[in-house]
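Visitor: Put the two chains together into one complex; each comes in its own frame, and the hints tell you how they fit.
These protein sequence lines are chains A and B, in that order. If you read the first sequence in our numbering, its first letter stands for residue 547, the second for the next number, and so on. If you read the second sequence in our numbering, its first letter stands for residue 430, the second for the next number, and so on.
Everything labelled a hint here was simulated from the structure, so no lab data went into it. One or more hints might be untrue.
[What the hints assert, rightly or not] Once the Cα atoms are required to be at most 30 Å apart in a straight line, the calculated DSS-like pairs of lysine-lysine come out as:
| hint | chain 1 | residue 1 | chain 2 | residue 2 |
| --- | --- | --- | --- | --- |
| 1 | A | Lys606 | B | Lys603 |
| 2 | A | Lys606 | B | Lys587 |
| 3 | A | Lys606 | B | Lys583 |
| 4 | A | Lys606 | B | Lys591 |
| 5 | A | Lys857 | B | Lys444 |
| 6 | B | Lys444 | A | Lys606 |
| 7 | A | Lys606 | B | Lys563 |
| 8 | B | Lys576 | B | Lys527 |
| 9 | B | Lys596 | B | Lys576 |
| 10 | A | Lys857 | A | Lys695 |
| 11 | A | Lys860 | B | Lys455 |
| 12 | B | Lys444 | B | Lys596 |
| 13 | B | Lys596 | A | Lys606 |
| 14 | B | Lys455 | A | Lys857 |
| 15 | B | Lys603 | B | Lys583 |
| 16 | B | Lys526 | B | Lys563 |
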Amino acid sequence: MMDFLNLIPVTWLPLLESVFYALVFPGFIAILLLAFFIIWFERKAAARVQMRYGPLWVSKRTGGIAQLLADMIRFSFQEFIVPEGADLIPFVFLPGFLLAFSVLPTLFIPIGPYYSHIFPAGYTLLLSVAFTLVIPVYLVVLGWAADNKFSFIGALREAYLLISYEVPFILAIASAFLLYGTLNLVEVVTIQERSLPGIILNPVAALVFLIAVIRATGRGPYDIVEADSELVFGPYVEYSSLMFGFVMGVPYIELYSYSLLFSVLFLGGWAPITGVGFLGGLIIPGIVTFVKAVIVMCALVFLRGVYPRYKLDKAVRAGWSWVFYLALIALLLSAFMSRVL
Amino acid sequence: MAEKSQKKSPLSDVKGHIGALSTGFKYLIDPHRITLDYPAEVMELPSNYRGFFRLIDEKCIGCSLCEIVCPSNAIVMTQLPVAQPAQDATRPPPKFKKRPLVDWGMCIFCYFCVDVCPTEAFEPSQVHDISYFKESDYRPTFDAFLKLPESPFKGSKKVVPKVDEKKGIRYEEKVNKN
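Excised from the complex, chain B in its bound form (with noise of 0.2 Å):
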C-alpha cells in the first residue's frame, strides 16, 4: 500500500487537492446541513419518549415499589408530615406519610418505577431537556415533585426527519392534522 501511494504521480495529487477544494468551495456556498438549529427546531419525539415524570400524591400508597425498583437509586422514600389527617374514629390518625423523592441527576429514565407503580402513581411526560443553575436543584422537593417541568420549547418548530437522496437528512416541518 505504501509502494503503491509513492508510485502516484505528483499531479495526480494536485487533481486531488483542487477536487478538495472545489468540494468545500461548493458547500461553503451551498451549504448541506444535516444538524438541526435546536433550540428553534426540535425533532418530533416517538409517543412512548421516557421524559421527566410527577407524582400523583392522592394515587400513592407509600409501598416504596418504586425506590426498590429503582436501579440508579435514584428514588428515595422520605417521611412527611400528614397536613390535615384522615377523620377515622376506629384508628389513630397517622403522623407521617411515606413519599418517594427523585434525584434527576442519578435518575437514568427508565420507568421501571413508572411501570412497577401498583396504583399508577406516577404521570410520565415527554420533557426532557432541562437543565439547572445550581446542583441542589435537581433533587426537587415535594412540591415540587407533584408538578411536571415546563417544555422549554415553546415557540420552536417541531420537525420530522427524512431521508433524502441528495442531502442524506431533511427535517420537514410537522403538519399538525387536527
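Only chain A is shown next, with the shape it has when bound in the complex (with noise of 0.2 Å):
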C-alpha cells in the first residue's frame, strides 16, 4: 500500500484529494447515502404533518426507510422510453450533466480547516456559488427537449422563478461577503469562530438566502415548478427508469450543497471544533459541517408538509418586493456589521 502511494507524485495530490472530496466524503457517495435519509424525512414529516403515516411497509421495524431503496430497484427495471418528438441528444444526456453540475459545488465548500485543493483557495465562495447557478440553464433545456407542454410550463416556471430568487441570493452572498471581507471560506469560518456565527450576526441575510434556496430547490411552498397537482412533474415528466431516478435526485443534491454553504456561511462550518491532525483537523470537523447541513435540509423539506404551493405569479412579486428589500436591509446591515467586527 505504502509503496503504491509513493508511487504517486508529489503534484498530483491536491488533485487527489479534491477527486476524494467531489466523488467521497461531502460529495457524491455521502449524497446518495443523505439522499436515502432525506427524501424518507421529507416524506415521513410531510405525513405526520398532515396526519397520515407515510412511508411504512418496506422495513416496517425503521419507519420504511427503505422505501426510496424499493423505488430504486423498480425504476432501475423500467424500461426508459424516449418520446417521439424528443431531443434525443440533450433529453439523454442533461440528466446526467445535472446530477454531475449539482455535485460540483460541494469541491468548493470546504468542511475543515485544512481544505487545499487545486482550485484557488481565495474565490471558493465565489467558484460554489457559480457553479450552484449553472443548474437552472440545464433545467430549461430539458425542459424544452422533452418536446411536452407540461415539461415546457415547468421549464418556463423555472425561467421566471429564476429571475425572481437569483438576484436577492446574489445580495445575500454579497451581504456574507461585505460582512467578512474576504471569499475564501475557510477565512470566512475563521472569522466566525473568532466572533459569533453569521446568523447572529447577520439573521437578515440568512433569511434571504434560506428563501433564495427553496425557491432554488423547489422545496415547501415554492415547489412551482415541480407542482405535481398541476404539471405532473414539470420538466422532469417525460423520464422513466433510472433516468427519473437521476432528476428526482438533483433537487435534493442541489438542496445539499446549498445548506452545506449555508452551515459553513451562517452557522460557522466546524466552529466549535478546533484541532490539529488527521482526527481533529479533517474528520471531526467534516462530520460537523455535515451535520449542520442535515439539520438545515432537515428544516427546509419540512416546510412541504406546513404550507401550500404558491402561485407563480405571487412568487415572483415576492421576490421582487419584500424578499428584494430584505436582501438590501441584509446589505445595509452587513455593512454596519462590518464595521463592528
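Guide: This is the structure we're talking about:
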C-alpha cells in the first residue's frame, strides 16, 4: 500500500484530494447515502404533519426507511422511453450533466480548516455560487428538449422563478462577502470562530439565503416548477426508469450543496471544533459541518408539509418586493456589522 | 377583500408564519394520525356489507334470473357438461346444465343477483379487499366460483372508529364479547 502511495507524484496529491472530496465525502457517495435519509424524512415529516403514516411497509421496524431503495429497484427495471418528438441528445444526456453539475459545488465548499486543493482558495465562495447557479439553465433546456407541454411550462416557470430568486440570492452572498471581507470560505469560518456565527451577525442575510434556497430547489411553498398537481412533474415529466431517479435526485443534491454553503457561511461551519491532525483537523470538523448541513436540510424539507403552494405570480412578486427589500436591508446590516467586527 | 389583505401589516404575516410553523412542528413531534394503518388494522365492517359471493351448485336451478337482473352484465349463464347424469328412467338424462359465471372486474357488488335468486343459491361474504395479478383471474372458472376467496386479513387487527374530541377520529380495537 505504501509503495503504491510512493508511486504517486507529490504534485498529484491535491488533485487526488479534490477527486476524493467530489466523489466520496462531502461529494457524491455521501450525497447518495444522505438522499435516502432526506427523501424518507421529507415524506415522513409531511405525512406526520398531514395526519398520515407516510412510507411504512418497506422495512416496517425502521419506519419505512428503505422505501427509496425499493423505488430505485423498481426504476432500474423499468423501460427508458424516449418520446417521439424529443430532442434526443439533450434529452438523454442532460440528466447526467445535471447530476454532475449539482455535485460540483461541494468541491469548493471546505469542510475542515486544512482544505487544500487545486482550485484557488481565495475564490471558493464565488466558485461554489457560480456552479450552483448553472443548474437552472440546464433545467430550462431539459424542459424544452422533452417536447411536452407540461415540461415546457415547468421550464418556463423555472425561468420566471430564476430571475426572481437569483438577485436576492446574489445580494445575500454579497452581504456575506461584505460582512467577512473575504471570498475564502476557510477564512470566513475563522472569522466566525473569532466572533459569532453569521446567523447572529446578520440574520436577515441568512433568511434571504434560505428563502432563495427554497425557491432554487423547489421545496416547501415554492415547488412551483414541479407542481405535481398541476404539471405532473414539471420539466422532468417525460423521464422514466433510472433517468427519473437521476432527475428526482437533482433538487436534493442542490439542496445539499446549498445547505453545506449555508452551514459554512452562517452557522460557523466546523466552528466549535478546532483540532490538529487527521482526526481533529479533518474527520471531526467534516462531520460537524455535515451534521449542520443535514439539520438545515431537514428544516427546509419540513416546510413542504406546512405550506400550500404559492402561485407563480405571487412568488415572483414576492421575490421582487419584500425578499428584495430584505436583501437590501441585509446589505446595509452587513455594512454596519463589518465596521463593528 | 383584496384591499383588506393589502392593508394587513407585515407583522401579522410574520405572526401567521410562526403560528403555522409551530403547529407543523407540534404535529411532527406528536402526530395526530387519522388514517388507518391499513393492512395491519382493518375497520370492522357492518353485518350487511356486500363482498364476494360464491355459487352453491346443488341449489342452483339454472333459471338465468341473476343474469337478467345484473345491471353491469357481469353475470353470464354458461352451459356446462353434466358429469353424473341423474338416474331417472322416465326422461332422457340432460347432458348440459346452465350455471352463472361472474366477472369480478365488472361486478359492482349490488347483490341484486343474491336477492333475486329463488333458491338462495349464492352464499354472500364480507371479503372485499382482493386483487389479482392477471386480468384473466378476474373471471373465475366454474370450480373457482364454487369457493369463497380467502380473507387477506388473517393476522390484522379489527378496529372500530370512534369520534374523539381532541384528535377528531380514533380507532379502538374491537373487543370480542364471546
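Visitor: Hint by hint, say whether it matches the structure.
Guide: Hint check:
1. Lys606/A - Lys603/B: 23 Å, holds
2. Lys606/A - Lys587/B: 20 Å, holds
3. Lys606/A - Lys583/B: 18 Å, holds
4. Lys606/A - Lys591/B: 26 Å, holds
5. Lys857/A - Lys444/B: Holds, because 21 Å separates the two Cα atoms, which is no more than 30 Å.
6. Lys444/B - Lys606/A: Violated, because 38 Å separates the two Cα atoms, which is more than 30 Å.
7. Lys606/A - Lys563/B: 28 Å, holds
8. Lys576/B - Lys527/B: Holds, because 18 Å separates the two Cα atoms, which is no more than 30 Å.
9. Lys596/B - Lys576/B: 42 Å, violated
10. Lys857/A - Lys695/A: With Cα atoms ~19 Å apart, lysine 857/A and lysine 695/A stay inside 30 Å; holds.
11. Lys860/A - Lys455/B: Distance ~28 Å between lysine 860/A and lysine 455/B Cα, so the pair holds.
12. Lys444/B - Lys596/B: 25 Å, holds
13. Lys596/B - Lys606/A: Roughly 24 Å separates the two Cα atoms, so the pair holds.
14. Lys455/B - Lys857/A: Holds - the C-alpha atoms of lysine 857/A and lysine 455/B are around 27 Å apart, at most 30 Å.
15. Lys603/B - Lys583/B: It holds: about 15 Å lies between the C-alpha atoms, which stays within 30 Å.
16. Lys526/B - Lys563/B: Holds, because 28 Å separates the two Cα atoms, which is no more than 30 Å.
Violated hints, in rising order: 6 and 9; the structure is consistent with all others.
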